[in-house]
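*Asks:* In case you want the letters, here they are:
There are 2 protein chains.
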Amino acid sequence: MKIGFVIYDGMTSLDFIGAYDPLTRLKTMGFLKNVSWDVCAISEQITDDRELAFSPTQVGTPLGRYDLVVVPGGYVTRKIRYEAPFVKWLQTMEPCPFKASVCSGSLLLGAAGFLKGKRATTHPTARVELAEYCAEVVDQRVVDEGSVITAAGVTSAIDLGLHLVEKFAGFDVKEKVRRQMDYYG
Amino acid sequence: MKIGFVIYDGMTSLDFIGAYDPLTRLKTMGFLKNVSWDVCAISEQITDDRELAFSPTQVGTPLGRYDLVVVPGGYVTRKIRYEAPFVKWLQTMEPCPFKASVCSGSLLLGAAGFLKGKRATTHPTARVELAEYCAEVVDQRVVDEGSVITAAGVTSAIDLGLHLVEKFAGFDVKEKVRRQMDYYG
Chain R
1 MKIGFVIYDG MTSLDFIGAY DPLTRLKTMG FLKNVSWDVC AISEQITDDR
51 ELAFSPTQVG TPLGRYDLVV VPGGYVTRKI RYEAPFVKWL QTMEPCPFKA
101 SVCSGSLLLG AAGFLKGKRA TTHPTARVEL AEYCAEVVDQ RVVDEGSVIT
151 AAGVTSAIDL GLHLVEKFAG FDVKEKVRRQ MDYYG
Chain U
1 MKIGFVIYDG MTSLDFIGAY DPLTRLKTMG FLKNVSWDVC AISEQITDDR
51 ELAFSPTQVG TPLGRYDLVV VPGGYVTRKI RYEAPFVKWL QTMEPCPFKA
101 SVCSGSLLLG AAGFLKGKRA TTHPTARVEL AEYCAEVVDQ RVVDEGSVIT
151 AAGVTSAIDL GLHLVEKFAG FDVKEKVRRQ MDYYG
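In order, the protein sequence lines correspond to chains R and U. Just so you know, the numbering used here puts 17 at position 17 of the first sequence, and the rest follows in order with no gaps. Just so you know, the numbering used here puts 56 at position 56 of the second sequence, and the rest follows in order with no gaps.
Treat the hints with caution; some may be incorrect.
The list treats identical chains as one, so a pair stands whether inside a single copy or across any two.
What the hints assert, rightly or not - When the alpha-carbon atoms are kept at most 30 Å apart in a straight line, the in silico BS3-like pairs for lysine-lysine are as follows:
(1) Lys27 <-> Lys79
(2) Lys33 <-> Lys79
(3) Lys176 <-> Lys27
(4) Lys33 <-> Lys116
(5) Lys88 <-> Lys176
(6) Lys167 <-> Lys79
(7) Lys88 <-> Lys33
(8) Lys118 <-> Lys88
(9) Lys176 <-> Lys116
Don't read these hints as lab results, they were simulated from the structure.
Throw the hints in and build the complete structure from the sequences for me.
*Replies:* If you want it as structure tokens, here you go:
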């Protein structure tokens with residue numbers, strides 16, 4: 001399984017890292033040997049919404065190669081959902097069997113056209129914007145529509161990650177990852 | 001208030017980011033205007049325990065200038081607590097009024113001598129090692145000994161961050177930050 005973690009200027013880091021931690025444990029804790037991941041951006045270095053710098057491992061590479069792509073949120077999503085080059089890059093994930101978002105990252109999945117006819121969730125402050133893109137805005141930590149999985153605000157990244165761990169590796173593995181993360185969610 | 005977030009090779013990113021998110025919201029959400037922070041390491045670039053790269057904003061700078069220093073954990077703490085140059089650098093935080101750790105980061109505070117006579121906590125798998133350094137190992141999400149505050153495993157970083165937000169800015173601010181983070185811990 002190949003995972004692509006999307007990062008971009010102005011993202012909220014906890015949206016990214018909260019999902020990255022449980023998902024990458026599929027490999028580091030030895031549950032699934034063929035898991036690999038990239039950190040994907042359209043520029044050489046990005047800074048989060050508080051100026052923390054991250055270095056992606058893939059720059060501008062089309063996203064269609066991944067089995068799962070995870071898109072974080074950030075206040076800036078309200079703006080960049082209208083930026084054509086960025087949205088066009090996000091649209092390269094069309095062939096990916098699983099597309100996931102945290103927080104207002106769902107606005108980006110929506111702008112890319114992946115939420116049509118689907119139920120979805122987002123940060124509590126982004127529900128009106130999300131309604132433009134999906135069939136129904138749902139007030140749940142994680143909304144799983146099979147191929148598209150969206151999560152609520154910031155810390156729900158952890159719940160999304162654990163949900164995906166269970167989806168790909170089962171309940172027992174999810175419980176082991178959850179305990180190692182010392183999480184009681 | 002000046003905050004120093006310590007990062008190092010092999011750390012667990014969620015330990016860092018889980019505390020960084022609520023603490024930096026003291027400024028970004030407009031509660032305390034004089035909050036600033038640095039990301040501090042002893043090398044130009046560090047990679048976490050899964051090879052994610054971070055760029056510190058301060059390299060090798062003594063830590064005594066900060067009001068609060070936050071030290072994340074990682075499996076590598078079992079080894080680097082014996083590395084003299086790193087521990088010596090950590091000891092430069094001696095004058096800081098508040099020293100905090102997440103997960104096995106408490107082993108590093110312990111190795112630096114800051115847990116003598118104090119109650120402390122850590123990741124459930126590091127309790128035996130922690131006992132060498134402190135008066136009592138406590139099974140709690142966050143243990144606040146006034147000047148030294150330690151948290152349990154990985155995701156307790158969020159609880160530590162919110163605890164410190166409340167300590168520095170009060171219950172109402174903590175509740176606003178918690179809600180914005182969509183956290184129910």
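*Asks:* All the hints need checking, so say for each whether the structure fits it.
*Replies:* Structure-based check of each hint:
{"no.": "1", "hint": "Lys27 <-> Lys79", "verdict": "between (35 Å within a copy, 22 Å between copies)"}
{"no.": "2", "hint": "Lys33 <-> Lys79", "verdict": "between (39 Å within a copy, 26 Å between copies)"}
{"no.": "3", "hint": "Lys176 <-> Lys27", "verdict": "within (13 Å within a copy, 36 Å between copies)"}
{"no.": "4", "hint": "Lys33 <-> Lys116", "verdict": "neither (34 Å within a copy, 42 Å between copies)"}
{"no.": "5", "hint": "Lys88 <-> Lys176", "verdict": "neither (38 Å within a copy, 36 Å between copies)"}
{"no.": "6", "hint": "Lys167 <-> Lys79", "verdict": "neither (32 Å within a copy, 35 Å between copies)"}
{"no.": "7", "hint": "Lys88 <-> Lys33", "verdict": "neither (32 Å within a copy, 38 Å between copies)"}
{"no.": "8", "hint": "Lys118 <-> Lys88", "verdict": "within (21 Å within a copy, 55 Å between copies)"}
{"no.": "9", "hint": "Lys176 <-> Lys116", "verdict": "neither (35 Å within a copy, 33 Å between copies)"}
Hints 4, 5, 6, 7 and 9, counting from the list given before, are not met by this structure.
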